[in-house]
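Engineer: Protein chains in written order, with our numbering: chain A, 1 to 242; chain B, 1 to 399.
In case anyone wonders, no lab produced these hints; they're calculated from the structure. Honestly, I wouldn't trust all of these hints.
Computed cross-link-like contacts, DSBU-like style, restricted to lysine-lysine with a CA-CA straight-line distance of at most 30 Å [as the list claims (entries may be wrong)]:
#1 B/K6 with A/K126
#2 B/K202 with A/K139
#3 A/K198 with A/K136
#4 B/K6 with A/K109
#5 A/K112 with B/K6
#6 B/K240 with B/K202
#7 B/K6 with A/K93
#8 A/K109 with A/K139
#9 B/K97 with A/K93
#10 A/K113 with A/K221
#11 B/K396 with A/K139
#12 A/K93 with B/K158
#13 B/K78 with B/K336
#14 B/K202 with A/K76
#15 A/K112 with A/K139
#16 A/K139 with A/K202
#17 B/K236 with A/K126
#18 B/K6 with B/K256
#19 B/K240 with A/K136
Now the in silico label distances, taken between C-beta atoms and shown as ranges [what the hints assert, rightly or not]:
#20 B/R339 with A/K112: 29 to 35 Å
#21 B/A245 with A/G183: 53 to 59 Å
#22 A/L173 with B/R348: 54 to 60 Å
#23 A/D128 with B/F46: 56 to 62 Å
#24 A/H191 with B/R242: 29 to 35 Å
#25 B/V199 with A/D128: 47 to 53 Å
#26 A/H191 with B/R282: 42 to 48 Å
#27 A/F199 with B/M70: 52 to 58 Å
#28 A/K112 with B/V199: 47 to 53 Å
#29 A/V72 with B/Q108: 55 to 61 Å
#30 A/A68 with B/W163: 41 to 47 Å
#31 A/V192 with B/L243: 48 to 54 Å
Yeah, the Cβ is synthetic: ideal placement off N, Cα and C, and Gly gets one too.
Each chain, written out:
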Amino acid sequence: MTLTISHLVGGYSQVPVVKDVSFEVGDGELVALIGLNGAGKSTTINHIIGLLTPQHGDITIDGISLLANPTVYKEKIAYIPEQPILYDELTLKEHLELTMMAYQLDENKTWKKAQRLLKLFRLDNKLDWFPANFSKGMKQKVMLVNAFMTEAKVFIIDEPFIGLDPVAVHDLLALITETKLNGAAVLMSTHVLDTAEKFADKFVLLHNGEVKTMGGLATLKQDFPDAGDSLNDIYLTLAKEG
Amino acid sequence: MNELFKQRQRDNFSQMSRYLKLVLNDQFTIAIMFLMGGLGYWYAGFLKSLTFAWWEKIIAMVLMIGLLQMGRLATLFKPADKIFLMPQEVNMETYLKQGFWHSMWIAQAIQLIGVTILLPFIQVAFQASIVQSLWLYPTFVVFKSLILYDQMQSYYSKHSLIWLRVVLPLITFALFGVRLDMAWAFVFVVLAAIGRMSVRDKFWQGIFNWQSAIDDETSRQLTIYRFFNLFTDVPKIKGKTRLRAWLNWFFNHIPKNHNNLYTNLYWRGLLRNDEYFGLLIRLTIIGAIVAYFVHNTVITPLILALIVYLIAFQLLPLYERYDDIAFTHLYPVNNKMKRKNFVTVLVRILMILGFIMVIVNAIGEFDLQVVLVTLGLLLVEIYVFCYLIVPKRIKKSKE
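Hey, can you work out the whole structure from these sequences and the hints?
Structural biologist: This is how it looks when you write it as structure tokens:
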């Protein structure tokens, strides 16, 4: 599965926040979307998941266009927001059931997957609790379980690391690796640069709504030869250049 | 999706009935009866004295178009839907249609009641006979259905709602207000509806606009909860905060010393939080309207006292508003000071609003007796409420 963003222009009003952004997330690839607060990361993500309509450009998954065929497109996507959003009145179990209904998943098979994930994130004894009352980290885990038990082919993860405990971060990275091996494409936005540097295959550096540079760490180093060796240094250089 | 909507409909119904029970059991039911009685009394008197004038047509049209906006599309969406229901986008059409039928009942009931109330006025304004004006009932029903349908489809096509909501009604009412028979207005609307329905399939295309659908539903529910909040505490009400820079001169006036710590906090909470500020404005405007029109030595003071009581009662939760913030427990200020500050703020704001209403009353028609009786009653009420009832209630809630 390949997620392709081509010449995306868009934002919340007539004034574009994202200006002509193009990049690709390929099969079994983890791409990290990096940029300062307000650089346009979340706006880009909101366009990819179809919450915003592009002013210009298109987004496709294996040639299926969001604009031309939103339904087929959306069945292939799973999204994990930065701020967990949950239903006040549903228990953890009911959240999972709703997701199964929405993605029309096979119940037996999916519950097996879910059980494994719940155990991994130590939520298996909280099925009858209301996740709306959980801490931020635990709510995030609920969103993770919901997303990773689907058979989505493209995962969009908005800043997953802040709020998770170190064990959960470790498990999440293992989970992402596993998902990649199954041929899924993963796009992740984050500020935790050393983790991104270690695990991502490609980086897209956004600045003021434009792609400044993208590619593997080697490509980035080529583009910013004086910046230093780590992603952190490159990022700081880019931010200073403004 | 059918099941999901039904489930939500049930939840929504049980929640609404729970709040309704709280509202109807309350002492405020009597209060509202009084208010309705007062308004009814004024309206009856107003109708009797009404004679035809050209500008009444314009007022009637504004009222009629306003009425058409009431009763919104209830989709029962929740914020988390945009994530959890994303892959079900194809079925949202079915879901929305259920929402449409669900909304029809209440929206049409509002239209029918509204038309009934407006009818006597419209008859005079448009110089119409009873039989003629009865055509307004089906006209409004068709209009409202059309508007709801249009709103439902706008989440896909993102077209502007103003054409069916305002422009078409304006043309219709203007046409028959000037020349044509009211029966023709109905025919006109039916034709418009047929025209709109024949192109309906075009409007189902495009990406479903989750954000605006959810925003609309949230604001609709907020309106309902706000209404309930007039009578009882609704936990879902969390107002926005606005700076209101034009009030800064006032905030700067509050003495900034240890003894007025909570006075500072409470004034800002009262005037910057939309929930409290909106409440003050809304109820004061209602009170001022009644005060402007009703001049009766008994009814006017009673209604205004009632409004002041409604406001005062709603402001009580402000006392505990900052208790969750850890700072307030670290401050070296005792509870006695806090109570004193609260009462000070309460007395001042009630006095100001009470005076505004009395002044409006005097502007409407100066009758010394009414003004004096009202003023006296309000002062007694504010004293009793703030110095006798409030301390008792605060003590009770502490235990």
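Engineer: Confirm or reject each hint.
Structural biologist: Hint check results:
{"no.": "1", "hint": "B/K6 with A/K126", "result": "holds (27 Å)"}
{"no.": "2", "hint": "B/K202 with A/K139", "result": "violated (40 Å)"}
{"no.": "3", "hint": "A/K198 with A/K136", "result": "holds (25 Å)"}
{"no.": "4", "hint": "B/K6 with A/K109", "result": "holds (27 Å)"}
{"no.": "5", "hint": "A/K112 with B/K6", "result": "holds (29 Å)"}
{"no.": "6", "hint": "B/K240 with B/K202", "result": "violated (38 Å)"}
{"no.": "7", "hint": "B/K6 with A/K93", "result": "holds (20 Å)"}
{"no.": "8", "hint": "A/K109 with A/K139", "result": "holds (24 Å)"}
{"no.": "9", "hint": "B/K97 with A/K93", "result": "holds (28 Å)"}
{"no.": "10", "hint": "A/K113 with A/K221", "result": "violated (40 Å)"}
{"no.": "11", "hint": "B/K396 with A/K139", "result": "violated (37 Å)"}
{"no.": "12", "hint": "A/K93 with B/K158", "result": "violated (35 Å)"}
{"no.": "13", "hint": "B/K78 with B/K336", "result": "violated (43 Å)"}
{"no.": "14", "hint": "B/K202 with A/K76", "result": "holds (26 Å)"}
{"no.": "15", "hint": "A/K112 with A/K139", "result": "holds (21 Å)"}
{"no.": "16", "hint": "A/K139 with A/K202", "result": "holds (28 Å)"}
{"no.": "17", "hint": "B/K236 with A/K126", "result": "holds (25 Å)"}
{"no.": "18", "hint": "B/K6 with B/K256", "result": "violated (55 Å)"}
{"no.": "19", "hint": "B/K240 with A/K136", "result": "holds (22 Å)"}
{"no.": "20", "hint": "B/R339 with A/K112: 29 to 35 Å", "result": "violated (59 Å)"}
{"no.": "21", "hint": "B/A245 with A/G183: 53 to 59 Å", "result": "holds (56 Å)"}
{"no.": "22", "hint": "A/L173 with B/R348: 54 to 60 Å", "result": "holds (59 Å)"}
{"no.": "23", "hint": "A/D128 with B/F46: 56 to 62 Å", "result": "holds (59 Å)"}
{"no.": "24", "hint": "A/H191 with B/R242: 29 to 35 Å", "result": "holds (31 Å)"}
{"no.": "25", "hint": "B/V199 with A/D128: 47 to 53 Å", "result": "holds (49 Å)"}
{"no.": "26", "hint": "A/H191 with B/R282: 42 to 48 Å", "result": "holds (43 Å)"}
{"no.": "27", "hint": "A/F199 with B/M70: 52 to 58 Å", "result": "holds (55 Å)"}
{"no.": "28", "hint": "A/K112 with B/V199: 47 to 53 Å", "result": "holds (48 Å)"}
{"no.": "29", "hint": "A/V72 with B/Q108: 55 to 61 Å", "result": "violated (38 Å)"}
{"no.": "30", "hint": "A/A68 with B/W163: 41 to 47 Å", "result": "violated (27 Å)"}
{"no.": "31", "hint": "A/V192 with B/L243: 48 to 54 Å", "result": "violated (34 Å)"}
This entry does not satisfy hints 2, 6, 10, 11, 12, 13, 18, 20, 29, 30, 31, going by the numbered hints stated previously.
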